[in-house]
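Peer 1: Chains C, E and Y are the protein sequences, given in the same order.
For the first sequence, the residue numbers in the UniProt record's numbering are 1 to 438.
For the second sequence, the residue numbers in the UniProt record's numbering are 1 to 438.
For the third sequence, the residue numbers in the UniProt record's numbering are 1 to 438.
There's no promise every hint is true.
Where chains are identical, the list cannot tell them apart; a pair therefore holds if satisfied intra-copy or between any two copies.
[To be verified] Each computed DSSO-like pair below joins lysine-lysine, with the alpha-carbon atoms no more than 27 angstroms apart:
#1 K11 <-> K321
#2 K273 <-> K116
#3 K11 <-> K116
#4 K273 <-> K11
#5 K116 <-> K364
#6 K273 <-> K394
#7 K364 <-> K394
#8 K116 <-> K363
#9 K171 <-> K362
Honestly, the hints are just simulated from the structure, not real lab data.
Chain by chain, the residues run as shown.
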Amino acid sequence: MPAFSTNMRLKFPIVALLLEVVTIVLYAVFVVYDDGNYSGHHGPEKNWNHANETNPVALYPMFQDVHVMIFIGFGFLMTFLKRYGFSSVGMNLLLAAFGLQWGLLIQNIWHLHDGKIPVSIKSMINADFSTATVLISFGAVLGKTSPVQLLIMTLLEITTFCINEFLVVEKLEASDIGASMTIHAFGAYFGLAVARMLYRPGLRNGHNNEGSVYHSDLFAMIGTVYLWMFWPSFNSAIAEPGAPQLTAIINTYFSLAACALAAYATSSLVEEKGKLDMVHIQNATLAGGVAVGTCADMAIAPYGAMLIGVFAGVISTIGFKFLTPILASRLGIQDTCGVHNLHGMPGILGGLAGIVAAALGKKKDISPSYQAAALASSLGFALIGGTITGLILKLPFWGQPPDQNCFDDSLYWEVPEEEEEAGESLSHTDHSKNKGDA
Amino acid sequence: MPAFSTNMRLKFPIVALLLEVVTIVLYAVFVVYDDGNYSGHHGPEKNWNHANETNPVALYPMFQDVHVMIFIGFGFLMTFLKRYGFSSVGMNLLLAAFGLQWGLLIQNIWHLHDGKIPVSIKSMINADFSTATVLISFGAVLGKTSPVQLLIMTLLEITTFCINEFLVVEKLEASDIGASMTIHAFGAYFGLAVARMLYRPGLRNGHNNEGSVYHSDLFAMIGTVYLWMFWPSFNSAIAEPGAPQLTAIINTYFSLAACALAAYATSSLVEEKGKLDMVHIQNATLAGGVAVGTCADMAIAPYGAMLIGVFAGVISTIGFKFLTPILASRLGIQDTCGVHNLHGMPGILGGLAGIVAAALGKKKDISPSYQAAALASSLGFALIGGTITGLILKLPFWGQPPDQNCFDDSLYWEVPEEEEEAGESLSHTDHSKNKGDA
Amino acid sequence: MPAFSTNMRLKFPIVALLLEVVTIVLYAVFVVYDDGNYSGHHGPEKNWNHANETNPVALYPMFQDVHVMIFIGFGFLMTFLKRYGFSSVGMNLLLAAFGLQWGLLIQNIWHLHDGKIPVSIKSMINADFSTATVLISFGAVLGKTSPVQLLIMTLLEITTFCINEFLVVEKLEASDIGASMTIHAFGAYFGLAVARMLYRPGLRNGHNNEGSVYHSDLFAMIGTVYLWMFWPSFNSAIAEPGAPQLTAIINTYFSLAACALAAYATSSLVEEKGKLDMVHIQNATLAGGVAVGTCADMAIAPYGAMLIGVFAGVISTIGFKFLTPILASRLGIQDTCGVHNLHGMPGILGGLAGIVAAALGKKKDISPSYQAAALASSLGFALIGGTITGLILKLPFWGQPPDQNCFDDSLYWEVPEEEEEAGESLSHTDHSKNKGDA
């Protein structure tokens, strides 16, 4: 594709502002503050801020933990690439900022209250959750998409997510408190389907910029550690107050702790010299949080959560080591961040654990078959929605980067004159001509 | 000025310890724990921790969010300069640590309770707030001032701030819950007035170190994202509990989300090649939090907050692109961080929005004229206080940096032998002997 | 020692998985959710989540602040070394993840409830606390130990800690709410004893990698600032709700603020050119949090807390400047992070302050003699436990690094090909031979 097509000057502002204008108009029509008087009306969302009926901001600290996961956690986790940090944390902010506005609308459009959507802290948490699907999928296509493509993916993915969530939670009445199925598995397989559609044969043998440098790996650890620390909040934020919420916190805390040991051990075990691999540490340590999600508020006992965590840590690490290369070479799925290993397999594991827990009666009023249907629905919507989205994103006018400019911020960002870079390698070449003229 | 004058060995410790000793003596005389028995006495601060009368630490999570904004948010936002990160995050810590002690004293000296200042979480939040003014002004003079100058500015600015705040909140009884006027506009114009007084013709054509490198921009994004995430806490921390606090959270959340899209779109639009500029993303995405401050707890509806956010994002980005260079060249105001664009104009916008909202009756018991007077008062105190402070800081014995050492940590900090830097420029020397050659 | 012995491929996974399996078995036998029905049984822990009897997650925001200190604070504080960031933040995560599982078991094994350990948010806070001892000791031996050694140290140190804590808190009934004695002094002297046992004459003249680079110092400041901000939570998390908790927050807030000024002033004063030293700023600014720990919930008045903070900041900075080199050269104690200055001396200072406060009657039901006994017990257990642990770690088969590979991640981690490093110096040399072949 011709180089000039990557100039975002008109495309991107038009798409971004158009989306924002439409959103504001819809908000003017539909969205109001939740003054507590809407509480009686709604059916399914029985928990509408009931954490503390006298204090409408009781859930606010939980919301902020989730907020940090979305914007710092996901954003910095993806800064591991040596020349793609601006896009990782910057696009993450943009997509989540749009996504939360859009998600809040679509999640609540199914059950208006007097024709309105009342906003509470709980609906802000759910809006943040909806953006997580996009940020997971972003990881699969990281470095290979334009800002316009990503905004369109956000629009389509969140819409699809809300439909599936509505089916799973309100029709099937399945239990998925930490969203192993509806967010993690969904986001991963949606993103993998998009990545499959956007397969780039030219990147078959890798790309010079598709790796980390020392400090970019440290930036990524900021993301990892925040996700790791606040995952108990993610899995418990909208749980029933009281014992179920405490259970969700405890299960996630222990699952992650056990998962960390398993991921470290496996990382060392699969490498000839027994060295730890930052890719595993940054990602597989978190798989326990994903995998315990569906069961988090169930009485699986702390050691049950730990077993789930260990299992997730092992399969996630093995996935990074052995499966990701096969997916790329055999199936044409180039999964930049390995979301299949962090969100895909552990998400399915979480769904399966939920089915087993339902069969064992670990939570009242849930059935294995509906849990299984919820998992199937999430995977189905993800694969179909991702495929369609990928086909749309394949259209040639979204300003996608040429192969040689993948994984490089300088295509869509002003990048400072790179003294460090210059010093790195290029005393002999004129590096500056690569800059700023895509 | 002669180089030796920048040696801080006596000046700085003497000023710092003197300030601390005076502060401790005043605390010994005035400051006590709030045991709840003072609650009946005070007039204006009707909200004294009334969030939860039985739990004196109910506001603590809000306090910690604000605390993170002050120390991580402001501190890392200013690390964007390539060689000034130690000073940015380090001086930020020092100034805020002194400022909060001083601010708590001066904010409460107007209305003692039995001759004492009782400390509660709410007064700690207000003390943190008072430091924000200095940190904003710090941004205007970043790289061009000595630690001693900055301590003196902290002393003078917080004192001025407390006088203006007293007038605005307690005499005019104006509404400014998120402090668009009393903190943001005040801090910006105070800092700009100081910068005008400290104008350096020698930096007219810029300075080699006045720019970023790739990783310094990523450090700055830590600051940006934390400010962005926790701004709802800033604008709501001391709001009336219940619906007003919820309203302040929701308005700020949506204003920032909409502002982000507007800032990204505008950033791309104003650049010939349509690329995003990190300076805009780091700063203009936050303008929505500033601009919605005054109105945050008013019933402006979510879409109203979003409109304010969009407007703030656009004018802030345009300000960075077009206005900052003009201020420097025409008015002699060298605004290192562009605080005029992030805090100045959006702060005034917030004040104006408050006047309009008052006129439209969006909050009980406020009047447009008093809101306007509050804005005028804040700007007046800022400009006069900043000018006087600037004149004092211009005295030649505070150890200010010579032009050529501006924006360079190594003047006031031990800086590690710069292998990275060395490599940047020194391809002709054998650097490798410094390495641990394992 | 032969190079192959540092290959972790079998040792490390076996030890890690063995520890995890044993832990899970013990959890299956002992650990259950706290459903509130155990509350009546226990004797000493009178506070079992009584912060809010109707809300079992009332302490959760406090827990998350502590969690951030443990994983971000300690982890990033140690990233100051130029080539040891992966190990710092990565091993910190591993050790704390194992440590919290182990700590929760041993802390509660003394007083089972119906043969079970019920987990609440409060026990999670205490479990996190127990890991802090190990992370402090880790700082003393940073860069000179293998992952296997560190896991063994974690096991032994937390076990020792729990015995001492049991004696201090439940037998002596000493007051140590912020754990100046039981965590900080204990962790520091335990680590120093281990470091003494692992003395490396080969590092007598320092090591090329035992220093920072510009950006590694900024990463470390992330740790510093988070520790600084959340220390009030550390010292108050398990305080009596109400006034004592508020007191602990306020005392810590002011002690740290005053300490910061003292540390900055002293840092400038002890350096010939009056420059600030990042080592002091990163560490000594925190000494006020350590030193006020024991007294945090006592009525020492805010100015009393500030005096403690100032004193701690001064002695800590002086320790870094003058004492650390002497410890290394005279006593053979190579204290990488200077934990003696940040945790050791300030911890003892905290214990002494507690004795004085007890003598002055600043808290009911405590006696100076039992406070003194608590301090002596903590130091005794630390020195004896650390010495024994050091002897065990000295055994030659734990894969400890050869002297020349100390302070270098690449011995135990896959490290990305260092373009930055390469660019620095080595356009002409074959840098790759330095990699991966320790």
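Peer 1: All the hints need checking, so say for each whether the structure fits it.
Peer 2: Results of checking the hints against the structure:
no.	hint	result
1	K11 <-> K321	between (39 angstroms within a copy, 20 angstroms between copies)
2	K273 <-> K116	neither (61 angstroms within a copy, 42 angstroms between copies)
3	K11 <-> K116	neither (33 angstroms within a copy, 61 angstroms between copies)
4	K273 <-> K11	between (49 angstroms within a copy, 12 angstroms between copies)
5	K116 <-> K364	between (32 angstroms within a copy, 24 angstroms between copies)
6	K273 <-> K394	between (42 angstroms within a copy, 23 angstroms between copies)
7	K364 <-> K394	neither (45 angstroms within a copy, 54 angstroms between copies)
8	K116 <-> K363	between (33 angstroms within a copy, 22 angstroms between copies)
9	K171 <-> K362	within (21 angstroms within a copy, 40 angstroms between copies)
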